[in-house]
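I would like the entire structure built from these sequences, with the hints used as guidance.
In UniProt numbering, the protein residues as written are 1 to 449.
Note that these hints are calculated values from the structure, not bench results.
Quick caveat: nothing in here was measured; it's all calculated off a predicted structure.
Please note: incorrect hints may appear among the correct ones.
[To be verified] Okay, the calculated beta carbon distance ranges per label pair:
hint : residue 1 : residue 2 : range
1    : Glu375    : Thr78     : 34 to 40 Å
2    : Gly339    : Pro114    : 56 to 62 Å
3    : Gly368    : Gln221    : 41 to 47 Å
4    : Val41     : Gly339    : 52 to 58 Å
5    : Gly419    : Glu288    : 47 to 53 Å
6    : Gly131    : Glu288    : 41 to 47 Å
7    : Gln89     : Val374    : 45 to 51 Å
By construction, the Cβ of each residue, glycine as well, lies at the ideal position given by its N, Cα and C atoms.
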Amino acid sequence: MAHPTPAPLEIQPSGPLTGRVRVPGDKSISHRSLMFSALAVGTSRVTGLLEGEDVLATAAALRAMGASIVRGDDGVWTIDGVGVGGLLQPANALDMGNSGTSTRLLMGLVASHPIIATFIGDASLSKRPMGRVITPLSQMGAEFTSSPGGRLPLMLRGICPAIPITYTLPVASAQVKSAVLLAGLNTPGITRVIEPVATRDHSERMLRGFGAKVTVEPSPQGRIIAITGEAELLPQEIVVPGDPSSAAFLVVAATIVPGSDIVVENVGLNPTRAGLFTALRMMGASIEELDRREVGGEPVADLRVRHAALTGIEIPPDLAPSMIDEYPVLFVAAAYASGRTIARGADELRVKESDRIAAMAAALGVIGARVEEVEDGMIIDGSGGDPLPGGGTVATLLDHRIAMSMAVAALHCRKTNAGAALTLDDASPVATSYPAFFSQIRQLQGDAR
1 MAHPTPAPLE IQPSGPLTGR VRVPGDKSIS HRSLMFSALA VGTSRVTGLL
51 EGEDVLATAA ALRAMGASIV RGDDGVWTID GVGVGGLLQP ANALDMGNSG
101 TSTRLLMGLV ASHPIIATFI GDASLSKRPM GRVITPLSQM GAEFTSSPGG
151 RLPLMLRGIC PAIPITYTLP VASAQVKSAV LLAGLNTPGI TRVIEPVATR
201 DHSERMLRGF GAKVTVEPSP QGRIIAITGE AELLPQEIVV PGDPSSAAFL
251 VVAATIVPGS DIVVENVGLN PTRAGLFTAL RMMGASIEEL DRREVGGEPV
301 ADLRVRHAAL TGIEIPPDLA PSMIDEYPVL FVAAAYASGR TIARGADELR
351 VKESDRIAAM AAALGVIGAR VEEVEDGMII DGSGGDPLPG GGTVATLLDH
401 RIAMSMAVAA LHCRKTNAGA ALTLDDASPV ATSYPAFFSQ IRQLQGDAR
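Quick look at the structure:
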């Protein structure tokens, strides 16, 4: 799961990007498809699953706890579940690789089972704090032995029956919310999560689809999400829509590279995930929704994106929860806009796979962008659409989104004497979420020639 041998990659500037492309399945939905299917009684089938390393880490962990998960030659995944409460003691430590989602959600699942599990991960994941999940799960009765600072390696001793709680999220986090709800699946009574700010709601939508009793109600404190345990989940046929976080890179690439005109097919447009497209449109991007439809309970459309001149704006902070993973590539778009972009309200970026604010400020500085790092975001004075100077080597810090964001930035840099717009010190982390990213960029470049 780790990337012990760096894979440097030179990125060339690009002519217009044209053609049609389909992004991988949504990562959030892929993780949850496997987890919920593993807890159903019977056989579920999943089409369009993202087959990146993060999701494969989830599959491996669920297999280690008794679920049967098989990929067919046709790309359809078949999962025979163990039932809620049926997870088995894993024989070995669960290797989460680089996946924070796998770790936090699986901690929730294990917390209300009478088993002990040890979670390990790569160097990047081992720096990420798990305390925000440990706190509510401990209130439910689970016990933890972690590395200093609530980090991996970490041992979790689950409890059955667990104690239902009402937990108010101190920070907006779909992962923490989901971890508590998943622990509530096997907890008698009603477990409640109060979120002051709405976050991505895939867990609530999908748990309902699997037959769990989940309610979402407004309150003066925000939204109250309640789940009734002990639930019985029914097997499902799931079609995973395309990942809007992956589509974001192609959308920004086509927006900043002159002459581009692409269609990104089958993009999930769940309103709790589509903040980047809203922000880009506010800046002047040309993003047209074609054939809007519903797939597996999620809104989906094909996005036609054409090059457009962008204007810097102040990003509304209330968009942050619906685009938290897309801020790095938003910073790239802002670097090519006219005027100043102020992007704040994104404190959460400090504790992702890397400190994404510091990492992107440094990376954009390498290629000549004018940026100012602030505690909760970045202030960027754009180039007015002109190419940035480029050159130099960018540190990706084992972070797939830093690598892909800077690869997009390079597409509109000036060609240096060495020929490359920039060099990524390590492109291998991209495989965690979007293994076909570079080949799809080349495909869109090739269609233009």
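request  = Take the C-beta atom of Gln89 and the C-beta atom of Val374, compute their distance, and say whether it sits inside 45 to 51 Å.
outcome  = Between Gln89 and Val374, where Cβ atoms are some 47 Å apart, the hint holds.
| Between Gly339 and Pro114, is the Cβ distance one that fits in 56 to 62 Å? | Given range 56 to 62 Å: holds, Cβ gap about 58 Å.
If I claimed the Cβ atoms of Glu375 and Thr78 lie 34 to 40 Å apart, would that claim hold in this structure? violated, 47 Å
*asked:* I want to verify a distance hint. Is the separation of the beta carbons of Gly419 and Glu288 within 47 to 53 Å?
replied: violated, 35 Å
Tell me if the beta carbons of Gly131 and Glu288 are separated by a distance inside 41 to 47 Å.
holds, 43 Å
Original post:
Is 52 to 58 Å a correct range for the gap between the Cβ atoms of Val41 and Gly339?
Top reply: Cβ of Val41 to Cβ of Gly339: about 57 Å, so the range 52 to 58 Å holds.
Supplied distance hint 41 to 47 Å, evaluated on CB atoms of Gly368 and Gln221
With Cβ atoms ~45 Å apart, the hint holds.
Against the hints set out earlier in the document, violations occur for numbers 1, 5.
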